[in-house]
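Generate coordinates for the entire structure from the input sequences, incorporating the hints supplied.
If you want the building blocks of each chain, they are given just below.
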Amino acid sequence: MDIKTVQHIAKLSYLSVPDAELERFAKDLSAIISYVSELDGADTKGTQITAREVQTRNVMREDESKEKESAEAAAELVAAAPDSEDGYVKVKAIL
Amino acid sequence: MDILNLSIKEIHDQLVLKKTSAVEVAASFIAQSKKTDADIKAYISYDFDAMLKQAQTVDEKIARGDETSLLAGIPCAIKDNILIKGLKATAGSKILENYVASYDAHVIEKLKAHDVLFTGKTNMDEFAMGSSTENSAFFKTKNPADTSRVPGGSSGGSAAAVASRSAVFALGSDTGGSIRQPASFCGVVGLKPTYGAVSRSGVMAMASSLDQIGPFAKTVEDAKIVFDAIRGKDPKDATSMETKIRNSKFEIRNLRIGVPKEYFGGGIDKGVKASVEAAIADMQKAGAKIIDISLPHTKYAIAAYYIIMPAEVSSNLARYDGIKYGHSAYHDNAHDTLETVYRNSRSAGFGKEVQRRIMLGTYVLSAGYYDAYYKKAQQVRTQIRADFEKAFKQVDVIATPTCPTTAFRFGEKTTDPLAMYLEDVFTVPVNLAGLPALSMPCAPSKGLPVGLQLIAPWFGEEILFSVGAQLEHASE
Numbered sequence: 001m002d003i004k005t006v007q008h009i010a011k012l013s014y015l016s017v018p019d020a021e022l023e024r025f026a027k028d029l030s031a032i033i034s035y036v037s038e039l040d041g042a043d044t045k046g047t048q049i050t051a052r053e054v055q056t057r058n059v060m061r062e063d064e065s066k067e068k069e070s071a072e073a074a075a076e077l078v079a080a081a082p083d084s085e086d087g088y089v090k091v092k093a094i095l
Numbered sequence: 001m002d003i004l005n006l007s008i009k010e011i012h013d014q015l016v017l018k019k020t021s022a023v024e025v026a027a028s029f030i031a032q033s034k035k036t037d038a039d040i041k042a043y044i045s046y047d048f049d050a051m052l053k054q055a056q057t058v059d060e061k062i063a064r065g066d067e068t069s070l071l072a073g074i075p076c077a078i079k080d081n082i083l084i085k086g087l088k089a090t091a092g093s094k095i096l097e098n099y100v101a102s103y104d105a106h107v108i109e110k111l112k113a114h115d116v117l118f119t120g121k122t123n124m125d126e127f128a129m130g131s132s133t134e135n136s137a138f139f140k141t142k143n144p145a146d147t148s149r150v151p152g153g154s155s156g157g158s159a160a161a162v163a164s165r166s167a168v169f170a171l172g173s174d175t176g177g178s179i180r181q182p183a184s185f186c187g188v189v190g191l192k193p194t195y196g197a198v199s200r201s202g203v204m205a206m207a208s209s210l211d212q213i214g215p216f217a218k219t220v221e222d223a224k225i226v227f228d229a230i231r232g233k234d235p236k237d238a239t240s241m242e243t244k245i246r247n248s249k250f251e252i253r254n255l256r257i258g259v260p261k262e263y264f265g266g267g268i269d270k271g272v273k274a275s276v277e278a279a280i281a282d283m284q285k286a287g288a289k290i291i292d293i294s295l296p297h298t299k300y301a302i303a304a305y306y307i308i309m310p311a312e313v314s315s316n317l318a319r320y321d322g323i324k325y326g327h328s329a330y331h332d333n334a335h336d337t338l339e340t341v342y343r344n345s346r347s348a349g350f351g352k353e354v355q356r357r358i359m360l361g362t363y364v365l366s367a368g369y370y371d372a373y374y375k376k377a378q379q380v381r382t383q384i385r386a387d388f389e390k391a392f393k394q395v396d397v398i399a400t401p402t403c404p405t406t407a408f409r410f411g412e413k414t415t416d417p418l419a420m421y422l423e424d425v426f427t428v429p430v431n432l433a434g435l436p437a438l439s440m441p442c443a444p445s446k447g448l449p450v451g452l453q454l455i456a457p458w459f460g461e462e463i464l465f466s467v468g469a470q471l472e473h474a475s476e
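If you read the sequences in order, they're chains A and B. Number 32 in the UniProt record's numbering belongs to position 32 of the first sequence; there are no gaps in the numbering. Number 360 in the UniProt record's numbering belongs to position 360 of the second sequence; there are no gaps in the numbering.
Since the hints were derived computationally from the structure, they do not count as laboratory data. Hints should not be assumed to be uniformly reliable.
[What the hints assert, rightly or not] Below 27 Å or equal to it, Euclidean Cα-Cα: the simulated DSS-like pairs (lysine-lysine) are:
| id | chain 1 | residue 1 | chain 2 | residue 2 |
| --- | --- | --- | --- | --- |
| 1 | B | Lys110 | A | Lys66 |
| 2 | A | Lys45 | B | Lys390 |
| 3 | B | Lys110 | B | Lys18 |
| 4 | A | Lys45 | B | Lys110 |
Keep in mind it's a predicted model, so treat the numbers as computed, not measured.
Structural data, given as structure tokens:
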């Protein structure tokens with residue numbers, strides 16, 4: 001994996017890697033990618049993928065608000081955000 | 001009698017016979033923490049005041065003659081990626097350094113209903129990514145068996161808390177070996193339950209198709225008591241299930257024990273091998289039939305794991321963005337855009353290993369690579385599962401070493417991420433297959449603890465407890 005790829009992947013991951021660390025990440029990630037590429041040797045022709053670990057059914061509930069609980073919880077959750085206004089989490093401009 | 005070394009049932013008996021009180025039990029464990037933890041550093045935070053208050057409640061219940069749970073008044077440590085309402089939950093990360101949990105994890109609700117005493121939150125590799133607890137953003141935890149060595153990881157703090165006797169039991173999480181490997185290194189019992197046996201609600205998700213919460217304890221019986229208290233269906237975790245309790249007794253002399261050749265070759269330490277083989281010989285002496293088996297896809301397990309796990313990590317850790325909670329770059333610069341806040345919050349908040357795994361996951365899921373990596377890994381996962389399905393037609397339990405080595409020294413594997421990953425070679429296949437497995441101490445090698453791993457069929461925890469307890473008694 002070259003430095004350009006690391007920069008691209010970092011961008012997709014919403015991470016910024018300082019220039020001084022690019023080479024190190026490239027080296028470590030390359031070693032791991034080269035190791036996991038051992039899977040090329042596995043014959044998986046016709047094998048299903050493991051899509052889920054256990055057979056489960058969807059959990060349903062009535063679509064109703066739990067007002068008291070949600071009002072208290074909402075205030076607590078909003079309070080954990082770095083900025084808020086009138087009970088809403090405030091964010092920066094997108095552009 | 002030293003209360004610190006008693007089992008859950010023994011402490012319970014002392015409490016109900018009023019030979020001691022829950023407040024005295026709490027005080028003994030607090031004193032022990034103060035004595036040992038300055039050096040061991042098993043905990044990120046303590047909760048002694050609440051512990052003493054809860055102990056008083058337990059004593060009142062006993063005084064009134066109320067029926068009390070076996071776990072009432074028993075001190076227990078909780079890994080810091082499991083939420084206890086009102087307490088900090090850092091997951092060993094700077095990004096959550098000041099995060100306070102707004103609800104209880106399902107397992108915590110259950111333990112609270114049993115009147116357990118929480119000693120505190122234990123140190124861990126950041127977001128459970130590591131095998132030595134050296135990736136904690138805060139400090140290193142020492143192995144109580146040899147303080148020049150790591151306790152294993154990622155639940156190193158929980159294992160060290162039980163081993164240093166500052167808690168009777170502890171909870172950890174296991175995604176690729178994070179309960180069993182530190183249990184093995186510290187010389188305690190650790191259980192990774194069947195995927196779905198214990199609700200994951202309230203544990204910070206790392207790799208959702210692999211994560212399970214489980215107990216650390218001094219004895220197999222204690223691990224069973226804790227497992228029985230925390231398992232079961234929870235509407236908040238769609239993958240959780242009610243375990244059927246089988247009342248059959250599993251006598252070692254009636255069992256077929258499978259020994260997979262793939263777990264005894266290559267890089268395994270000679271002392272570890274000898275110790276595990278001696279434990280298997282003990283089972284044979286007790287009348288078990290030992291059967292050589294093969295799990296041929298074992299060699300691909302780590303490679304498949306290091307595709308599937310980072311893929312899930314990259315998606316699960318997207319929630320840490322500096323917007324809703326945790327470390328945020330929001331106030332750094334008034335003119336920053338949303339994207340800059342994301343990027344700067346995450347880059348400052350996440351450590352190197354976490355960033356590495358997020359990028360790795362993003363890479364294997366990115367356009368053009370999905371089939372070559374992710375799809376292939378999920379196919380290999382099916383084959384690993386099929387290996388076990390086939391083996392369990394022949395045998396009742398599989399016995400292996402938990403780890404290829406005993407505890408290593410600090411810094412020994414930190415410069416090479418891949419060397420650290422290979423630590424999990426014997427534990428990862430179990431997670432990929434969703435099986436239950438128990439690590440329990442067998443004979444030490446050069447003075448260091450060695451773990452015997454017992455693997456049972458899906459939802460076969462009872463077999464593990466039964467075999468484990470018989471082995472414990474045989475070695476007494």
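Given the hint that B/Lys110 pairs with A/Lys66, test it: the Cα-Cα distance must not exceed 27 Å. Given pair B/Lys110, A/Lys66 holds - Cα atoms ~22 Å apart, limit 27 Å.
Restraint check for A/Lys45 with B/Lys110, where alpha carbons must lie at most 27 Å apart: Violated - the C-alpha atoms of B/Lys110 and A/Lys45 are around 45 Å apart, more than 27 Å.
Does B/Lys390 sit within 27 Å of A/Lys45, going by the straight-line distance between their CA atoms? Holds: A/Lys45 and B/Lys390 sit about 19 Å apart, inside 27 Å.
CA of B/Lys110 to CA of B/Lys18, is that 27 Å or under? Holds. B/Lys110 to B/Lys18 sits at ~25 Å (cutoff 27 Å).
Violated hint for the displayed structure: number 4, the only one.
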